[in-house]
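As a plain string of letters, each chain reads:
There are 6 protein chains.
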Amino acid sequence: MRLLVANPNTTQGVTDRIARVARAACAPGTEIVAVTAGFGAEYIATRAEAVLGAHATLDLLANHAQGCDAAVVAAFADPGLGAARELLSIPVVGMAEASMLTACMLGRRFAILTFAVALEPWYQECVEYNGLAGRCAGIFCLDEPFQAITSVAEEKAQRLVALAGRAIAAGADVIILGGAPLAGLAFDLAEQVAVPMVDAVAAAVRQAETLAALRPRKPVAGTFRRPGPKSITGISPALAGLFKG
Amino acid sequence: MRLLVANPNTTQGVTDRIARVARAACAPGTEIVAVTAGFGAEYIATRAEAVLGAHATLDLLANHAQGCDAAVVAAFADPGLGAARELLSIPVVGMAEASMLTACMLGRRFAILTFAVALEPWYQECVEYNGLAGRCAGIFCLDEPFQAITSVAEEKAQRLVALAGRAIAAGADVIILGGAPLAGLAFDLAEQVAVPMVDAVAAAVRQAETLAALRPRKPVAGTFRRPGPKSITGISPALAGLFKG
Amino acid sequence: MRLLVANPNTTQGVTDRIARVARAACAPGTEIVAVTAGFGAEYIATRAEAVLGAHATLDLLANHAQGCDAAVVAAFADPGLGAARELLSIPVVGMAEASMLTACMLGRRFAILTFAVALEPWYQECVEYNGLAGRCAGIFCLDEPFQAITSVAEEKAQRLVALAGRAIAAGADVIILGGAPLAGLAFDLAEQVAVPMVDAVAAAVRQAETLAALRPRKPVAGTFRRPGPKSITGISPALAGLFKG
Amino acid sequence: MRLLVANPNTTQGVTDRIARVARAACAPGTEIVAVTAGFGAEYIATRAEAVLGAHATLDLLANHAQGCDAAVVAAFADPGLGAARELLSIPVVGMAEASMLTACMLGRRFAILTFAVALEPWYQECVEYNGLAGRCAGIFCLDEPFQAITSVAEEKAQRLVALAGRAIAAGADVIILGGAPLAGLAFDLAEQVAVPMVDAVAAAVRQAETLAALRPRKPVAGTFRRPGPKSITGISPALAGLFKG
Amino acid sequence: MRLLVANPNTTQGVTDRIARVARAACAPGTEIVAVTAGFGAEYIATRAEAVLGAHATLDLLANHAQGCDAAVVAAFADPGLGAARELLSIPVVGMAEASMLTACMLGRRFAILTFAVALEPWYQECVEYNGLAGRCAGIFCLDEPFQAITSVAEEKAQRLVALAGRAIAAGADVIILGGAPLAGLAFDLAEQVAVPMVDAVAAAVRQAETLAALRPRKPVAGTFRRPGPKSITGISPALAGLFKG
Amino acid sequence: MRLLVANPNTTQGVTDRIARVARAACAPGTEIVAVTAGFGAEYIATRAEAVLGAHATLDLLANHAQGCDAAVVAAFADPGLGAARELLSIPVVGMAEASMLTACMLGRRFAILTFAVALEPWYQECVEYNGLAGRCAGIFCLDEPFQAITSVAEEKAQRLVALAGRAIAAGADVIILGGAPLAGLAFDLAEQVAVPMVDAVAAAVRQAETLAALRPRKPVAGTFRRPGPKSITGISPALAGLFKG
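Chains as they are written, first to last, in our numbering: chain R, 6 to 250; chain X, 6 to 250; chain Y, 6 to 250; chain L, 6 to 250; chain D, 6 to 250; chain B, 6 to 250.
So that you can see chain R by itself, here it is in the shape it has in the complex (with noise of 0.2 Å):
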């Protein structure tokens, strides 16, 4: 199997540590193909910036999809997942959304963690859109700088753990790490942390091979089905290929 994860923000340290937790946590046999937004933020944090995020998604998959099986919107979040599941054949999956699902498999309320007050309100506002307030214990953020957006997982960890105790304090019965910068230290920390933490990369790189393997149909009715003809100008020569289909 092979799966596209795109990364809609613009700093390839992130894409390769989203990669690297990808490669580790696929089934044996799935190919990893990690590609980077061409324009946009070094790291989407608010809505403005997922405004281009969810443009810059759509452009790599209409760059990259051709030949993989599923695809990964790799910034917690989701930019542009709808536009994405109207637009292509294969299934594709959001970090927010696999690790949310998959957390309400392990508990019955989860709590989002992440690095920077900046990104709650974008955060809120995917848990509702997906429906799943009532079963979100609170979005947890650290509130303090941090030296750079590559290596923010690992000095962070330690503040982590703790917020994570105030979150099972407030009710939460799993812990997502959100944040595609965070990627893989859900494993690190899982000894220090009494409840079962989920990693954003990982949930989306499993729920993608799950799609996959149930061959879901393209819908050709519903809400999902592809946009009819309609002009479209002033983008990419490979996203206009793909709103013609």
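For the record, the hints were derived by calculation from the structure and aren't laboratory data. What you are looking at is a predicted structure, and each value in this text was computed from that prediction instead of being measured. Wrong hints could be hidden among the right ones.
Identical copies carry no separate label here, and so any pair may be met within one copy or between two of them.
[Unchecked claim] Only pairs whose alpha carbons sit at most 25 Å apart, straight line, appear in this in silico SDA-like list of lysine to any residue:
#1 Lys235 with Val166
#2 Lys249 with Val122
#3 Lys249 with Gly43
#4 Lys249 with Arg171
#5 Lys223 with Ala245
#6 Lys223 with Ala32
#7 Lys249 with Phe44
#8 Lys235 with Phe151
#9 Lys249 with Gly239
#10 Lys249 with Thr41
#11 Lys249 with Thr35
Use these hints to put chains X, Y, L, D and B onto chain R, whose structure you have.
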């Protein structure tokens, strides 16, 4: 007062219609500046097209908001609205948001009527995003082809009157005509429908004026404070400038 | 335009304050007609007092709406609003409703601040009645005596600024100052609070103007059509006349 | 035990019917004191009439609660119920509230049936106010004229049996006959309907007895503590006295 | 009237306490038949123990309901209640259900207090199952060991009074003491708590009497009609007989 | 990997079908251990039968989970799932849960289709328990007798295709075929239905593999920690052992 009306669709004829209705509906002394998306879909109907529309909205605001007192995102379902509210210092309202909130002051439940079933999923997500599903009696769509997006309002007027009757029977106290191509029609049909109708462009223009008149400060806290500085690449200079603040 | 501003409280001094703020906030050319309840509580704070206030609201509208283009129920939590909307042919808005809906265009979640804990249950029921609990970050009340209802705004101004800080920390993007006795204070304190503030009287006046400008028809269907004829006894002749239509 | 049954409608014939059903349904030894509103509508059907009914309810309780162990607000949708609960020291229940909560112990979802579509919006708001929309399969109304409010029960009995069938098909496990003019009918029709029926007067009387038997204290905290002292003018001496405590 | 009170816990001492409170709380002339689970947990605190308790409830009802007018499932959170309601022809109520619905007539939001944190998840699911999360101000649990399940009420009485104060500060209008081992305590502590308290056994007994008095028919439609005939094996003869009808 | 698939129904033929589909759907190298309930109903359709099924599930897990990496509760609506998750150290998933969460990654709203109306209430409660009512377009049931539970899938295949059409018209983006007796049918009918279909056994098997691959720790905090030690009597030695830990 100077209002920017940004059409995220690329069809100039729709912008012309919006501008005409906006000028008829605004308060004396308000100047309407109407602009058309530089890229994207001729008219937005799906999540995928809305991703492009959101980017186009930000681009339009970056290029034209200077000197305006408020702005209107002139596509029903409001692509890029939250992002615009983060980035701009002037109030920004969306056509869907403004018409739904206005409708809430005219009745207990509103219905949204539009001319194509393709629009339904995107509108539905917009209602839910605004937390107004409990105030919505349904989204009612015509399910038949139309001749041209610039004349669909006149072509389908009587079909929409009949559809309004169905919406009222389903519990609607107020009818919103959704979709920029229907701008102005609510006034023309008012006598033929048994409950109040809301014209989405007129509502958005009046609400933008209201917000401007109330002179709200740009937040420096909360979820609509400006995003912090970040490296953003590959977008238009004007929009990049908007991200810089 | 001529706006009736009906204060369901019996304190003339509160009406005077409301009228002053309404005149400062309205559009050029709008005339404000401010009237005071003929019976009921000096200021409404509980469900029991609101029952009297709702009746007083209808009485005021019956006596004074003639010749007006729209009306405002000028007590936060809007006693009698739905009833007024059934009986009258002109638009009627409530202070709570108008300020909450306005706040929804300025942020994701609003908080309501007021000067007495006694008001909290009634306000909470009003938020829920409007279906806006999901948009409300909380109702925050001072819990301490005040000297006089006509000067509580000035007396508690700085305490409310501090309370706004707590509301923002709890997730509020916008602050509504609730309660007619606080009319005008949102403008005075705007610079001291980190998010936009909404003055409830100003919002209600502007929204009443907006509705009047949109010229909605009086419904003859739906839940706000006029009640059918019925024998009504024991109330003021003016109000009895309003029920006769 | 002595139960006050307060009819906020002004029709004595409806009070007579309510009293007859109450006396048949109460426990041995319970005395029913049934009283009729001194002002307001012959029967309440809309929000506007309910405003008068709420005031009338308080007036009745102020004049007649003395010496009673509990009180019933005997109009479906419970005008003035929350206010009464603040002011009185004895338990007060409403017909709608009592029958809905009783129905919750007989099935998963209840339906409310009544004899006139005019009642639907007010009933719907009552269901929502009680937080029971998730337990309600719908409000089903006959849509046809009736001859007299005092004999509508007998006139429409068989039409209501047919309507019950529709409600069951829509998911109702229990049928509530709403509206004081239908008092008693649920017992008469029990054999003709495939699910349990709840008579709203009988349920209210039994629930009032239950509350009285449990001897709950009058709260001195929480949202149903008595309102603090305040200047109240222009109302009946008895009701003014109730506000004084 | 003859009421079956079925304790799904295996501790006879808890049944004795329940029976004592039930006999003190029931109407004159009601006979209480109290029985104890033949298998399962000494007291149910978790989902796993509740699975056994649900089976034990059905077994008790199968063996003892004959000749009774109504039945009470006497463990808070009501194991097996829905199943019992399908199988039996007499009304069945649960302690949690009855006390929550009773509390809804005494206040806007209730809190549930209990003696062990282990009970919280199960109680929380019960509140949600009943669709009453919007009426619940929280579940408050003591977090400390106790000496014996049969005397935990007396041991923790004053700790529960303090906990009630916290619940009231968090918005509770009414306090429910949850857990059969606390039966009777609400009456003893009534004077020490500022809002009404509901004893869950007393409420369940009175509600069972109320349902019996209303004489609801056994449904032959809806979701509580009897299950159709089916091959059931490996259970007690009495329970197998109940499935046979 | 070794997966326990526990059928809480007592019909071996259904277990055989489940096992066949599970083996076709699992990843290479996964071993399926399929076991059948030792007591209870031939197939579970109601709340009462599910009480027995929950107990039977725990019994099966107690006897067979040893040496397995994860377990599946193989009856749609997942009897005993939460309890199993408390007691076991390996991941446990339910057919309903797994298929609904999987469906959420394929569309906005799913519909559940099944072969008998008797199943609807239990399925509905399962959807609500999972907090997914907002993602569910409805439960659609055939309403007609069938010949045998082991061949109902083949017998009703074309009726279910027609029913899927109705579900799609009602807003479903994805179709779940619910009920273990329908296992495998989703794959056979995929070409005949316009949206993706989810086979509940296949989804559960793949999700169980996913959870096992993620290696979540057994919680020692939160609501799925193991119950504390307690006296449990009257159940099978294996299950008693599971409670002892």
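Results of checking the hints against the structure:
For the homomeric pair Lys235 and Val166, neither the shortest alpha-carbon distance inside one copy (50 Å) nor that between copies (27 Å) is at most 25 Å. In the homo-oligomer, the alpha carbons of Lys249 and Val122 lie at most 25 Å apart only across protomers (20 Å), although the nearest pairing inside one protomer, at 39 Å, exceeds that limit. Within a single copy, Lys249 and Gly43 get their C-alpha atoms as close as 21 Å, and across copies as close as 19 Å, so both meet the 25 Å cut-off. In this homomeric assembly, Lys249 and Arg171 never come within 25 Å of each other (Cα to Cα): the closest approach is 49 Å inside a single copy and 30 Å across copies.
In this assembly of identical chains, Lys223 and Ala245 lie within 25 Å of each other by CA distance solely inside one copy; the values are 20 Å within and 37 Å between copies. In this homomeric assembly, Lys223 and Ala32 come within 25 Å of each other (Cα to Cα) both inside a single copy, at 24 Å, and across copies, at 22 Å. Taking the closest pair of Cα atoms, Lys249 and Phe44 come within 25 Å of each other both inside a single copy (22 Å) and across two copies (16 Å). Taking CA atoms no more than 25 Å apart as the test, Lys235 paired with Phe151 passes between copies only; the shortest distance there is 14 Å, against 45 Å inside one copy.
Within a single copy, Lys249 and Gly239 get their C-alpha atoms as close as 14 Å, and across copies as close as 24 Å, so both meet the 25 Å cut-off. Taking identical chains as interchangeable, the C-alpha atoms of Lys249 and Thr41 lie at most 25 Å apart whether they share a chain (24 Å) or sit on different chains (23 Å). Neither within a single protomer nor between protomers do Lys249 and Thr35 lie at most 25 Å apart by alpha-carbon distance, with minima of 29 Å and 41 Å respectively.
Hint compliance for this structure: hints 1, 4, 11 are broken, all remaining hints hold.
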